[in-house]
Amino acid sequence: MHLAYPAVLAALLFCTGLYGVLARRNAVLVLMSVELMLNAVNLNLVAFDVWLRDALHAGQALTLFTIAIAAAEIGIGLAIVLMVYRNRGTSDVDRLRDTAEGNEPAPGPDQSSVRSEVTA
Amino acid sequence: MTTTTLAVLVPALPFLSALAGLLLGRTAPGFVRPLAVLPTLAAAVLAVLVAVRQGGGPAIDSATELTPTGSVPIELALHIDGFAALVGVLVGLVATCVQLYSTAYLRDDPRYPSYAALVSLFTSAMLLVVYSGDLMVLLVGWEIMGICSYFLVGHYWETEAARSASLKAFLVTKLGDVPFLIGLFALAADAGSFRITKILGAVAAGGLDHPTLIALLLLAGVAGKSAQFPLHTWLPDAMAGPTPVSALIHAATMVAAGVYFIARLLPVFAASRAALVVMAVMAAVTMVGSALAALAQDDIKRVLAYSTVGQLGYMTGALAVGDRGAAVFHLLSHGAFKALLFLGAGVIIHAAGTNSLSAMARMDGLAKRIPDAFWTMTIALLALAAIPPFAGFFSKEAVLVAAEHTAAGESEFAPSAAGWLVLVAGVLTALLTAAYATRLWLMAFRGRGAAAPDHGKEPLAMTGVLWLLAVPSIAFGLAAGPLPDWFDGHELSPTLTTSVLGTGAAVVGVMLTYALWQRAAAQAARVPAGLPAVAAAAEVETAVEESAAQAPEVEEVTHEHPAAAAGPVADPGKALLGPLHRHAAAGFHLDAVYTALFVRPVRAGAGLVRFLDREVVDTYVRGAGGGPRLLGALVRRAQTGNVQSYLSALLAGAVVLAIATAVLANVNAGS
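Chains A and B are the protein sequences, given in the same order. Residue 85 in the UniProt record's numbering sits at position 85 of the first sequence; the count goes up by one each step and never skips. Residue 663 in the UniProt record's numbering sits at position 663 of the second sequence; the count goes up by one each step and never skips.
The following block holds chain B by itself, in its conformation from the complex (with noise of 0.2 Å):
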């Protein structure tokens, strides 16, 4: 087969999977689980494969026009580059072990058939939005995998938070869908055409005329999909999913498509340096931000999706300093350990029977009851936290060496205010990175307390995967050395002072959550249990009861679970952020602000309408039947049943006719 039939069948054999598995979910139960592995394991086959035929190498393009639409056509078109053929594998690879952990995750769920259809219909619409050559076929998978998150997140649709999260999470990404559609528009009116090829060659011959328009309106939509401030808000409340749909959302697809996208096109950004900075700030808000509320989360998950957000916005500003290839390498680093890192923490909540960390943390030897889940999620944060050698550390590296070469002004269109903009963010960020990382491990791993709960051992449809997805978090930073020759060709591997920088902070971070996890334990085991012990387990309390409200598949993926003895616990959280930490853990009011901001005048708007249709409008529509109705009441009066009375007054009316008629004639005939 050629390299185009692979590439085809890659987006197509999920697709049809998901058909499948819809169709015949019901009446064969049997086929559901085979129908659900097997064609993404083939998809991320034919992935590798195609990844290896191209090979690096010069682009692989074919095109059959779809629709003659009389401008712009749009056509079926591939556009398999470096970039395309990697993050392919990753996806892959990615939906192929969400799709074998789910087969266990959820292998009581009644519902487990049309959610496996859903995940391969994502897959499916991730695979097409990476391979498609044609901005509007990118959009077609753009847009499904808007529909499936929306699905997806609201699985356990029992529950309120989970309803309200999925529509949160469609409308956010809504939000920034429209300008992106308008800007697609703009992009293929300036550029002539919808192939990207076509567009990229318009934009090297200087053809855009609204470069920065073109540039910022299609920033909205990928700040709503790849979760980046302002529209990152849906992401910590679409933890109301599955841990697999998570781990699917974060890793490989939805957030991926927005940075993707981007580095896709990254000359048409590059043609506007407003958009470029536009764009690091936005990056740096956004890694700040995120790693701060990360510090201050009590849900494993909302730490994890915190992070995800942080994460992208370093993406974000690789690509806002203008160098794709670091941005792409630290997706798909990325990519391996934040898979690994959600389905870790799926087997952690389905161990420990909770999601809250402050409830992890009073319990003795949760590591020990899942050996796997342990060892991965510290290879898995080791490499979130950027330690070398593992894999977050070269790809992070990597974004760091770019903005630091920005900021000295080497990068050919990228602004150097850009550039420091992002490296100072990015430093910032990886001590942050490594505080919540270590945070979380200190409060899964070394809670003290009552001793965790045995439910036996995990099945190995779980931990087979974790295994498998440490391989790429420990040894992907191997490949920064043959890297750029699938990308732009710039150097990935790290420098010294960047690396020292990183990692120094990164240490730094460790370092301090420690001492301040020693000194927190040291209090929290001294206090008795007298009054302030008492305040602080209320409050954890309240925080474990809220987690467990918004996480509706922990009552369905554990087991029977008595509740943690309440008692204080030791937050390195608290300590590091002192009182910054209450805004922090309400993710800086963001959703208030919203609230005020769009929510209110919205419904205060909707009660004017409804006002004006209820009271003005059905008023005139009242006025019309009662008017009608009261004349008819009246003309019923003469409605007497007497026929002479009739007569009479028909025979008046002759009468007055007669004469109006015979008086007009006559004026008429006198004038």
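So here's chain A without its partners, still in its complex pose (with noise of 0.2 Å):
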């Protein structure tokens, strides 16, 4: 078989995930969107693995490696997205914006002399 299928599958699939990451509000769909690409970056190292004849399977190996870490992954993923929603009632990425700019909280005492201070 030749090497442009497996890659085009891969390159369909990673851009497949990265348009979610970037453009899907759910966040646990932005979650199954990074397994998307981390899966077609698992595809392309065993088709590559494969067509290079590597004796060790090195990318046999890293791609073991990848999935143990995107499970892991995507279970402390699912739960941070699961603490936020009980928090707020949403998982909508657009409307997680605490750290935006003029967001902060009101500054303590302690903090506002350090801010009076840097001004200085």
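Hints are computed from structural coordinates only; laboratory data are not their basis. Positions of the beta carbon are idealized from the N, C-alpha and C atoms, including for glycine. Heads up, a few of these hints could be off.
[Said to hold, decoys possible] In silico contact screen, one side only, chain B against chain A (beta carbon under 10 Å); selected entries:
id : residue
1  : L6
2  : R526
3  : R636
4  : T640
5  : G641
6  : V643
7  : Q644
8  : S645
9  : L647
Put the two chains together into one complex, using the hints given.
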């Protein structure tokens, strides 16, 4: 089989994942898109491993490694999304803007003195 | 004990007393008085012992190397010749008198412990200057005196006058000390040593490359310390300190240090005729100017201060004509009678409740209230006016004789022009000195008006000291015979010509002042309480107020005192000086000249620097802060909180980088 098929498939998968990460609003779907991107990379790794006839099968080993990490990552990610949903009643990425500029909590007295020093 | 050990103990004892006084002053107030008086007394006794053992014979020298500097070593050296021994005795005597007097004069002062300790330190520094055989060690004492004078003049630091006077004393003397230090280094570089004996040896061998430069640099320091024109302005203002401090500064320490320093290093100055002429001009201007100014002062202490400046002018004049024996002779006798004058003035201020002469002139019977001060002040004023047979006559004659010898061309190194200058100025000043001494006496003790207030008897510690100092003021002239053995061997006894000249001038001054005073007093008695009297009274009142403002101690040392009734005052000084009086009263406007010449430009310069700092340098600093702030505000706009837009920017950046890498790789591969 020609190398182009798995490579094009992987590229398509990656682009789909990328689009999902950048454009989807639901945090769960963002996480799923991340999985898509990881799997596109996995596909590439396996394909090139075969094509290069690597004696140590480093690509396959790395793929297993990635799968394990992806499992852990999705576990923690879903847990975070669950907690966010419980706290705020939504998992919409667009509405989670707590780190935006001008959205800081009111500064305490000690912080204000530090700030005034900085501004001075 | 060997003489060397004794001589080391002389400055060490007051120093230890100062240390102990500063440490124990608060915890053990009972020990303060003995700690102040006894070590000083012991130092005086030891100084007498050293003088007896030295006996005018060959100089006692001993040295130990203090610091190996790699080039010119600094040595802890003693050099006691006749000059050092006798000046040491004077310092010890006057310091003891001042300490004794202060126990009574400042008995109610809460800061007496630190005051006494500083006086001890002052004494110790002066003794160090006197006995030191190494110029660097001498400089240490010299500078300690500077800082002590700052503290002591500013003793009443609650008042503005005392604060500014102490600062002025410090800064003006420092102005002289900077060239002095440079001069010392130049001298040591030329002579290869800081030791006085070695320097004198080098001078005798003609080893100085720049004698004029060195002499003039050193002269600047001496002018500052010894209050010579044009650096004398600090001394009259230093009257803001307590009167005993004035006595100490004027009689034995500080101002004497400069004259004594030149006397020690006279061969260095004599190596340059230009320096001697400069010194003579300085002395002549100082003498005449200060005597005129003294004639116009209203504050009794300022009169005495200007008279000190004038008498120091005599000493500098004697040095300018190359006779250090005469200079130190006058230094010694002047030390005795000037200390007496100041301490007596303290008693007068104490009794009269004012230090304004015109206020005293309106008091009747002040002399009867304080007979001790009256008699001793009379003696001291006669000595100041150089009336024979008092001490001042002999020492002043010695100066005039030396000047006359030089003027006649008999001196081996001093130019005769310097001799003429000093002689003429000296005779003129003798007249003026007698005039202001008479004026002071008449105005203080021959006042007419309300009876002087009665404060009871003055304490024995104050009056006894006066009589003690009166002895040398009367009899020190007898020393003119044996003194040349202690000094260089020049004859110090008066000759006929100069004594007729000097005494004649003095008698003329006395008569003239007395006559003018009689006339002024008669006029003052005639004038009814009309308009002119009111104007005169207002003038006097302002003068009294001014002097009261300048003398915080009056309030401290005197008792409750009713204001003297205003009225016309017989002041012979006004009639004698005529239109000059106004300028002389202001010290010939030298302070105003300094304000215009130095203070204003310095202030303008400071304003410029302030402007440059605030407006120019700070603009850069503020810009350095403001630029990043502005950029930061721009970047903060991108901080939307939306993770996806951050990621998009990241992706866009990565794509741009990848494309750029690819393009660059292709371009490089193609080339």
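Is the interface hint for G641 (chain B) satisfied, with its Cβ closer than 10 Å to some Cβ of chain A? holds, 3 Å
So, as I understand it, the hint says T640 (chain B) touches chain A; can you test that by seeing if any CB pair is closer than 10 Å? At 5 Å from the nearest chain A Cβ, T640 (chain B) passes the 10 Å test, so the hint holds.
If you take the shortest Cβ to Cβ gap from Q644 (chain B) to chain A, is it below 10 Å? With a closest approach of 5 Å, the Q644 (chain B) hint holds.
Would the hint on L6 (chain B) stand, with a C-beta cut-off of 10 Å toward chain A? violated, 64 Å
Return the status of the interface hint for L647 (chain B): holds when the least beta-carbon distance to chain A is below 10 Å, violated otherwise. holds, 6 Å
Under the criterion of a CB-CB separation shorter than 10 Å, is R636 (chain B) in contact with chain A as hinted? holds, 5 Å
Agreement of hint S645 (chain B) with chain A interface, Cβ distance less than 10 Å: holds, 9 Å
Does R526 (chain B) meet its interface restraint, that is, does its C-beta lie within less than 10 Å of any C-beta in chain A? violated, 74 Å
Given V643 (chain B) as an interface hint, is the shortest Cβ-Cβ distance to chain A below 10 Å? holds, 6 Å
Going down the numbered hints, you'll see the structure goes against 1 and 2, while the others check out.
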